[in-house]
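**Q** Spelled out, the chains give:
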Amino acid sequence: MTTEVGSETEVKKEPEKAEEQPAKPELPATNQTDEVKVVEAAEQSNESPALATDSAEAKENQEEAQPADNATGPEGEEPPASPPASEKKGISRFLPPWLKRQKSQSTVGPKESQVTPKEEGGVVLLKGEGEKAEQVEAEQTSSTTAAEPQVEEEQVNGEAEPEQKEEVNSEEQAENHSTGSAETQPAKEEKASEKSQEKSAAEEEKKETEEGGEEKKDQEESLKPEGGRYFIKSPLKLTKKVKMVMCHVIMLDGSQFPCEVEKRAKGQYLFFKVCETLNLLEKDYFGLSFKDNADQTCWLDPTKEIKRQICNTSWQLAFNVKFYPPDPSQLTEDITRYLLCLQLRQDIISGRLPCSFVTHSLLGSYSLQAELGDHDPDEQRLDYISDFQFAPSQTKEMEEKVVELHKTHRGMTPAQADTQFLENAKKLSMYGVDLHHAKDSEGVDIMLGVCANGLLIYKDRLRINRFAWPKILKISYKRSNFYIKIRPGETEQFESTVGFKLPNHRSAKRVWKVCVENHTFFRLMTPEAPTKAKFLTLGSKFRYSGRTQAQTRQASTLIDRPAPYFERTSSKRISRSLDGAPVINMIEAQDSAPTSVGNGREPGLELSSDSSKSGKLRVQGENIYVRHSNLMLEDLDKTQEDVLKHQASTSELKRSFMEATPETRPSQWEKRLTASPATSLRLQAQGRSPPPTTQEPLPDLTVDTVSKSSDDKQKSDETTLQAAEVEIEETVVVEEIRVAPKGSVTITTPEVVTPVAVETEVEKPEEEVVEEVIEEVKEEQKRPVSVSSDSHSESEEEAGEYHPQVTVNISVEQIKEEPEKEEEVDNHEEPEQVAEPEPLPEVEVETMPSPAVVEERPMAEPETALVVDAPVEEERTEDILVTPEEAPNGHAEDQPGLLAVEEEEEEEEEPRVNGDASHAETELIPQVICCSEPPVVKTEMVTISDTFAAQKTEIATKEVPIVHTETKTITYEAAHLDGSGDGEPGILMTAQTITSESLCTTTTTHITKTLKGGLSETRIEKRIVITGDSDIDHDQALAQAIKEAKEQHPDMSVTRVVVHKETELAEEGED
Amino acid sequence: MAGVMADFGNFTHAVVRAIPSSLAKEALRMNVSDVDLEKAQREHEVYVGVLKQKLGLEVIELPADESLPDCVFVEDAAVVCGDTALITRPGAESRRKETAAIRQILKELGLNIVDMSDENATLDGGDVLFTGREFFVGLSKRTNQRGAEILADAFKDYAVSTVPVTDGLHLKSFCSMGGPGLIVIGSSEPAQKALKIMQQMSDHRYDKLTVPDDIAANTIYMNLPGKGHVLLHCTPEEFPESAKVFEKLKDHMLIPVSNMEKVKVDGALTCCSVLINMKAKV
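Note that the protein sequences, when read in sequence, are chains A and B.
By full-length UniProt numbering, the letter at position 510 of the first sequence is numbered 510, and the numbering carries on one by one without gaps.
By full-length UniProt numbering, the letter at position 198 of the second sequence is numbered 198, and the numbering carries on one by one without gaps.
By construction, these hints were calculated from the structure, which means they are not laboratory data.
Bear in mind that the values here come from a model prediction, so they are computed numbers and not experimental data.
Glycine included, C-beta positions come from ideal geometry on N, C-alpha and C.
Wrong hints could be hidden among the right ones.
If you anchor each label on the Cβ, the simulated ranges turn out as follows [stated by the list, open to error]: (1) A/Pro488 to B/Arg96: 38 to 46 Å; (2) A/Arg352 to B/Leu224: 30 to 38 Å; (3) B/His204 to A/Glu397: 26 to 34 Å.
With the hints as constraints, model all of the structure from the sequences given.
**A** Here you go:
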């Protein structure tokens, strides 16, 4: 399924590319594979190009071909013969059902409309073109020839849009098809061959299994140039539309869940499918596992393609608890506890969770109570119990004990029994401990136990050491060694590193990953941002990208649905095997899912989500996108869509639930990608309904770390690019920013690591908007060592590092504190102070509820860092004017909720809030290393808000009493900043501050020139304060500011963009 | 229903053993000292009396065995937790036979007996600190790693962490539980060091009550129905400073118990009884 998504997304993103590609005639066909490979390490290069072409073609076809399509696809179940219907079909085929749904729902937005047509077009082409009769089997596509349409692509796009809108409705219908899409449509095409879809699917599976690597396929395909697909090669990966693989997921109750997914589907797709089937909302505790070649259990990375992780083996996975909640009673739903019980039963039976005789008996008795209800003296004899398994080896004595105890549970409901089960199980010492074989430095066999609290070291059954997360400064692995750096104790001066030897590299990495995940999940408020140096690609960029426990708990509070009914399966089944286990089909799941979802939603939440969707897909998309996206750039779009689809399909409730925390990701994503501040702003603007209460988790704010696959720079780069493109309409700035840094890197200042920080503060309390843009330009000869090392380790073979930090913060690769930053901080402060006074005058008394402070930091491009040679000094002063008036109206209102990571009310900090990275750093972790913003910043922000408030108060006195001030900050930081990590404070050479004011804008430019170890660094900070009466288009303002900055300092890069938005909260709340 | 790890400190039975007259001369001791046998026996009677009369435990008194001068220190012979009794293999060769009688009586009480048959394993009960949530096993002159492993196998529900004991005879020679989550600890350097280790090794947080005298840190905590928190501790006569510290425990029923003579042969308060909660038997 994912594949499909991917294709779609790609289409959206890169319509132009698609066009171009088609323009290049079939030449590439043969070469495609190679080239593609080169471009992207990705697999299925052939396919991808094909898709691109398809998409282009599709567009064409839509207009032209659609009628034809109808003819071609009469067989289809599609009710209306109308063109849209046909398209639907086509789409449905390729799109996962949920995707379709979403579209239908969300189509309102202009973006969507565009997107949809493209997709459809792509689909159409496939249908229309019978080219790949051969491939049809595998891919289920039957299209004759697609060569011609390619040329016309552009036209298609434009035209297609109108149709799409109409089609939207129809798409829903398509959904059904989608599941069965392969089935129905292929039938048409396959008439000739008369292969049933199922057949094809089966064949596909076979093929896939046969195909050890994608490359093989590619080769094969390349050999078969027949298909229109091959004609065009595209650098972009296009996913095979039709390739489906049958996954078998073993559920916790032992049943098998067969699920057909696209071959290129990501882990999360399957995972969501499973959760949907289970009707599970608190899914963050769970994961999918599989056995690798060495028969080691691995967690499926939701952000990566399944096939890349599973190797060639059969797609057998298991749904398991990944993070054992230390206090299960805090889980919100019984169904979650039930699933945890099932997992623990497995753990017990398998011996992973050792128990005493009594405990086995007690837990067993609760299981009986949960499944059978009260003990029935008449019917229940001892025999019934021997069907159940309570322990790895159970005796008659134990069974008697279980029955005896069972009798005492009379009257206990299943949910209560589960709770009791968990209350006892959680106390077991090995509860939730993930054991890994290892040797200590002396070669003694030990076990490493990873759990919620830290790392446990066992020798045999004895705990011989324990390293709580707070004690661990750094986790890393190299080859088959796993290292933890320990914080020095009270009496110790130096941190020590403890090394363990694991059986092999893979196991070392596995331990490392598990540690990273557990630390993040249990210890952090929000996932750590991806490594700053992501562009450079260190050994492993892997980070936990899901929600943390704190986030999931918070999200769980939003769950407002009647307790879902679920059937408790007999534990007999578990012991006996899967026989008779119910088989759940995806279709069922899908069908059922929407209904269930629909009921539960919260009205308020819905509205917000809806509005955002309807208004602009992208916003959501971004959020989602960020959230799920991992490292794969190409997939970013897909991810986005996936998410969207998923959400769409699920009920609003689910959506809201999901979004509640995770949405933060966008910000992270942006950070990672060097996202443009504009984007973030935009997000704000679109505003999801801001939660009236500060406490409510802001969707956007939650920062999830997107784990970066060790994959490659290229991808990342591409991703960025794509992302930029996608969003182009909205944010021009993004592109510019990116381009600029590159340019600088390549051409002008190779050595320069130039971070430009733009701080934009927008205050909207009373219609005042203050944006501050601070640009900092740094030039450093030295590259941060860490960066360089990172670059090397791209290959998975290399070592990975992870610095666990208790506090929430942005990615911290290095813990060293950087003097430079301090400087920055200082700079910031000054300008801000200057700026503050101005905003007041224009204040109007309107109630704008939530003020959000957004700090955005664009990531500097990695390349820059690499190039560094000679020190270059550059000083530049820039004034950036931001015009508030330009801002579109609609956005402003919505703003409050979106971006803010942390909200501060009345200057009170709520650390608990899904924290801003920046804030968190400041507040929680003084030592935060690479973090962009020093604690000072925060102070500043606060100050500002105060000032405003005060001023406002004065002004407002007339009309509006000021109620609350919300501050939201989002920070984007360039990757390079690490360079500052040197730790040597630079010598301040010069510093000057220039302030200029215009009507509603105050620009403060602070230039600092620092000499650091032979390197001179010039930093320009610009603070632009925009005060607006009415809605300010932040995006535009920011975009313009950045643009100007770029123009003025072409060789400098924007390191950081900080947007502070302060708004006074209306008492009423936004809505 | 008694759940896992419930009822910490709740005991119904106690096993004690009389003092043989051979104790005065032959009992092992780390420091040379003369023991007043009669005084020791009187002390012991008071000790048993407290358990029996004052606390209402069902006390099972085993007769002394003259061939086993240290037999009064029954704690070393068995570790009882829940319904399981681990019969130890004492580190001191001369004490190995002490376990037989203990084993017998514990079996009669219906406990699940686990024997430590491994010839390489040694374990003294005095090295075993049970906190209610986990075990700490001191690796001392009397207890080795293997012994600790066997203990871990015997009590699978609990984490078993090892703590090096460099000074003193046993782990509990300088610490004990003073309540749920409360560790009473001596103020000596080795004691403090051991505490740090324990705290580091544990997933749980423990409060500590530091007393000036290491041996005074050996107390007996119980949580008895109708009586609440009960703490048997040293007398002001023995350790005036430490005794004052215990007075801070307002919620506890404090019962000073003299142990002046037995301490001369390294016997602490906990050494002289094996406490059992028969209700814990599920």
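**Q** Determine for every hint whether it applies to the structure shown.
**A** Hints, verified against the model:
no. : hint                             : in the structure
1   : A/Pro488 to B/Arg96: 38 to 46 Å  : holds (44 Å)
2   : A/Arg352 to B/Leu224: 30 to 38 Å : holds (37 Å)
3   : B/His204 to A/Glu397: 26 to 34 Å : holds (32 Å)
The structure agrees with every numbered hint stated previously.
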